[in-house]
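Visitor: The lines below spell out each chain.
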Amino acid sequence: QKEVEQNSGPLSVPEGAIASLNCTYSDRGSQSFFWYRQYSGKSPELIMFIYSNGDKEDGRFTAQLNKASQYVSLLIRDSQPSDSATYLCAVIAGNNRLAFGKGNQVVVIP
Amino acid sequence: DARVTQTPRDKVTEMGQEVTMRCQPILGHNTVFWYRQTMMQGLELLAYFRNRAPLDDSGMPKDRFSAEMPDATLATLKIQPSEPRDSAVYFCASGLTREGPPEQFFGPGTRLTVL
Numbered sequence: 001q002k003e004v005e006q007n008s009g010p011l012s013v014p015e016g017a018i019a020s021l022n023c024t025y026s027d028r029g030s031q032s033f034f035w036y037r038q039y040s041g042k043s044p045e046l047i048m049f050i051y052s053n054g055d056k057e058d059g060r061f062t063a064q065l066n067k068a069s070q071y072v073s074l075l076i077r078d079s080q081p082s083d084s085a086t087y088l089c090a091v092i093a094g095n096n097r098l099a100f101g102k103g104n105q106v107v108v109i110p
Numbered sequence: 111d112a113r114v115t116q117t118p119r120d121k122v123t124e125m126g127q128e129v130t131m132r133c134q135p136i137l138g139h140n141t142v143f144w145y146r147q148t149m150m151q152g153l154e155l156l157a158y159f160r161n162r163a164p165l166d167d168s169g170m171p172k173d174r175f176s177a178e179m180p181d182a183t184l185a186t187l188k189i190q191p192s193e194p195r196d197s198a199v200y201f202c203a204s205g206l207t208r209e210g211p212p213e214q215f216f217g218p219g220t221r222l223t224v225l
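Protein chains in written order, with this note's numbering: chain A, 1 to 110; chain B, 111 to 225.
What the hints contain is simulated information worked out from the structure, not anything from laboratory work. Any given hint might turn out to be false.
Derived BS3-like pairs: lysine-lysine, alpha-carbon spacing no greater than 25 Å straight-line [claimed, not checked]:
hint, chain 1, residue 1, chain 2, residue 2
1, A, K56, B, K121
2, B, K172, A, K102
3, B, K121, A, K102
Distance windows between CB atoms, simulated [unchecked claim]:
hint, chain 1, residue 1, chain 2, residue 2, range
4, B, E213, A, R77, 20 to 30 Å
5, B, L225, A, G54, 45 to 55 Å
6, B, S176, A, D78, 17 to 27 Å
7, B, E178, A, N96, 39 to 49 Å
8, A, N96, B, K188, 20 to 30 Å
9, A, E15, B, V122, 35 to 45 Å
10, B, M149, A, S69, 23 to 33 Å
11, A, Q80, B, S176, 36 to 46 Å
12, A, E15, B, S168, 42 to 52 Å
Using N, Cα and C, we set each Cβ at its ideal position, and we do this for glycine too.
Turn these sequences into a full structure, and let the hints guide you.
Guide: Dropping the structure here:
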């Protein structure tokens, strides 16, 4: 079983809509969760982290964590063409390293 | 501004050749990570150093890959001999361990093509 799963295919959303991304993780003891954004041909950059159950908002981004169900999600409100990228979910795994999902591509259509 | 640097940015080589990739972490950071990214596998951790000591290299094929930190300002990843299946983008990231989870800052990557 993979440590972090992101199973959805590419997500196309119209400009101004909400993009919703989901991620599940296998280690029930995981405490810290991260969302990275990666533009095509570029390196990943951290956009959100969350440690506690519930929602965490930062601008147009909201991270949601449900430890009982072992999933973490990312909502992008008022999606802009500049949000078109691949979003990587990551979890702190053994030895304090990050385990990444394969990512979800988001395409915002003007 | 502080950033992770990697050289070379692109490398094309032939099967069997040695490849060396270099990374300069952000000054003051004490953790360095090497990742490999492919479409099929996503982002995989190859090696992880803290205070220049290797902590985890379980993701690295030991027979052909080696990672070192000769000093605090340089990390190297070497492949010898290289194979076509090694073609990928290799990222270096650095961070600073402290209270709470670490944030990692990624370099621009080295795109490796093995023919």
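Visitor: Now tell me if each hint is right for this structure.
Guide: Comparing the hints with the structure gives:
no. : hint                       : result
1   : A:K56 x B:K121             : 41 Å, violated
2   : B:K172 x A:K102            : 24 Å, holds
3   : B:K121 x A:K102            : 24 Å, holds
4   : B:E213 x A:R77: 20 to 30 Å : 24 Å, holds
5   : B:L225 x A:G54: 45 to 55 Å : 51 Å, holds
6   : B:S176 x A:D78: 17 to 27 Å : 47 Å, violated
7   : B:E178 x A:N96: 39 to 49 Å : 21 Å, violated
8   : A:N96 x B:K188: 20 to 30 Å : 25 Å, holds
9   : A:E15 x B:V122: 35 to 45 Å : 38 Å, holds
10  : B:M149 x A:S69: 23 to 33 Å : 29 Å, holds
11  : A:Q80 x B:S176: 36 to 46 Å : 43 Å, holds
12  : A:E15 x B:S168: 42 to 52 Å : 43 Å, holds
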